[in-house]
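Participant: Each chain is listed here by its residues.
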Amino acid sequence: MLNRPLSLLLVIGLGLLLLWSQRDRAASEVTRTALIMGTLVEIKAVGSDENKLEDAINNAFDVMRRVEAEFSPQVPNSAIARLNQTAETSEIPSSVRDLVELGEQVRLESNGAFSMALGGVKELWAIETENPQVPTREQLEAVLPPLDSPALLLDGLIARRSSTLVRLDLGGIAKGYAVDRALEQLRDRGLRSASVNAGGDIGVLGGHAERPWRIGIQHPRKQGELLATLEARDQAIVTSGDYERYFERDGRRYHHIFDPRSGQPASGCQSVSVVAPSAALADALATAVFVLGPEAGMRLLEQRSEAEGLIVAANGEAIVSSGLKERLQWR
Amino acid sequence: MALKALWRRTTRVDRALVLALALLSGFSLWVVVDREPGGQVVIYRGEEVAYVGPLSHDRLLNIHGPLGDTRVEIEAGRVRVLRSPCPRKICISLGQVWKSGDLLACVPNRVVVRIEGEEGRGYDLLSR
Numbered sequence: 001m002l003n004r005p006l007s008l009l010l011v012i013g014l015g016l017l018l019l020w021s022q023r024d025r026a027a028s029e030v031t032r033t034a035l036i037m038g039t040l041v042e043i044k045a046v047g048s049d050e051n052k053l054e055d056a057i058n059n060a061f062d063v064m065r066r067v068e069a070e071f072s073p074q075v076p077n078s079a080i081a082r083l084n085q086t087a088e089t090s091e092i093p094s095s096v097r098d099l100v101e102l103g104e105q106v107r108l109e110s111n112g113a114f115s116m117a118l119g120g121v122k123e124l125w126a127i128e129t130e131n132p133q134v135p136t137r138e139q140l141e142a143v144l145p146p147l148d149s150p151a152l153l154l155d156g157l158i159a160r161r162s163s164t165l166v167r168l169d170l171g172g173i174a175k176g177y178a179v180d181r182a183l184e185q186l187r188d189r190g191l192r193s194a195s196v197n198a199g200g201d202i203g204v205l206g207g208h209a210e211r212p213w214r215i216g217i218q219h220p221r222k223q224g225e226l227l228a229t230l231e232a233r234d235q236a237i238v239t240s241g242d243y244e245r246y247f248e249r250d251g252r253r254y255h256h257i258f259d260p261r262s263g264q265p266a267s268g269c270q271s272v273s274v275v276a277p278s279a280a281l282a283d284a285l286a287t288a289v290f291v292l293g294p295e296a297g298m299r300l301l302e303q304r305s306e307a308e309g310l311i312v313a314a315n316g317e318a319i320v321s322s323g324l325k326e327r328l329q330w331r
Numbered sequence: 001m002a003l004k005a006l007w008r009r010t011t012r013v014d015r016a017l018v019l020a021l022a023l024l025s026g027f028s029l030w031v032v033v034d035r036e037p038g039g040q041v042v043i044y045r046g047e048e049v050a051y052v053g054p055l056s057h058d059r060l061l062n063i064h065g066p067l068g069d070t071r072v073e074i075e076a077g078r079v080r081v082l083r084s085p086c087p088r089k090i091c092i093s094l095g096q097v098w099k100s101g102d103l104l105a106c107v108p109n110r111v112v113v114r115i116e117g118e119e120g121r122g123y124d125l126l127s128r
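The listed protein sequences derive, respectively, from chains A and B. Straight run, no breaks: the first sequence in the numbering used here ends on number 331. Straight run, no breaks: the second sequence in the numbering used here ends on number 128.
These are calculated hints, taken from the structure and not from any lab test. A couple of the hints might just be wrong.
[As the list claims (entries may be wrong)] Per the computed footprint, the stretches of chain A lying under chain B, defined by three or more beta-carbons under 8 Å from a beta-carbon of chain B, are:
| # | stretch |
| --- | --- |
| 1 | 128 to 138 |
| 2 | 215 to 227 |
| 3 | 315 to 326 |
Idealized CB from N, CA, C, for every residue including glycine.
Working from the sequences, and respecting the hints, build out all of it.
Facilitator: Here you go:
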């Protein structure tokens, strides 16, 4: 009874339709979150083998935890904590040296706007504690490190602080570095499509399956709303803003991005988003540009052909670097 | 004409089989295409899942973390943190979430709230 030409054709046709309707399920997206480096980290991986994706994500999280153990000044035996505890030399891992060298490059290019030496300033403000305070000028001057010196003096893998006023804090670059290492791990595990988002510091590997990753940029003054979106493949996007870690006192907002020249929160921008080949570079540049303000910050970005940026100035005006103008979709 | 002739050659069983396959295909297409966005709330305490439930189900939840209880409200299809023992209350200031992929987190108390479901935000990742 099934040996009927019409029935056979229809059965085959409908069977194909059934298979076609399941086609998107061939590629799965696995998303996992973890709390690392004091922030929420979300890793997404796209592929057909979910077990492989899960393993790769778990390994990437482990890599990020190792970065935290190496770079956090709060972890007692980390390379950074050990350097902060002594005026003498100390041996450091090559990863610390490499990151410090990148940070020093950005410090020089930004005329000191980026600093890895502001741990003392950060402690004084205590912004992320229950009792933040507004320090006096005298208190700040007592902890401000010299502007024209690097944070660390390096001789191969031997390092020491350039001054006892230097309290190493790589918060402006280490999170981006962790994102880069996580992406490297995912790539080494054979993934071709993945993203790592560490509290807004984003790195993407490939695209999202066949299309680019779509990145939303938070509006600095409208919670829950986007300022713009852009598409990206194999890039990093980092945003520094004054709206997430701050406190208010006497009607004034004090946020966590300090100007190394004064020890005060920088006041030229509401937010800065930088697109660059690596999240560590994007992280450092976003901080430097925020401190420099819109004009000098944009000049810094335009000097670097591989980096682009979107700056929202203190008055709300948005300025975009030349290479990013065509890529942004405003909301 | 040829089709009519072919159709006349089918039996009742043939037609029932074709109809069953057509309905099954239609159903599977509907399931893939027509899922509601942001359908489920998943709350993590550290690495463990502490709660999973529909966004449409109003609830008040206390999630116990290392610092104490984080109170999470699910109401009218939206989720927010009402109270938390963290020092800066950033999780509370993040307000409400409801779209698939949205996240809230009290990092010091290790509580993460995630909205899961079909993609409904228009972007994959948020830089902030």
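Participant: With reference to the structure, classify each hint as holding or not holding.
Facilitator: Tested hints:
| no. | hint | result |
| --- | --- | --- |
| 1 | 128 to 138 | holds (count 3) |
| 2 | 215 to 227 | holds (count 7) |
| 3 | 315 to 326 | violated (count 0) |
Against the hints set out earlier in the document, a violation occurs for number 3 only.
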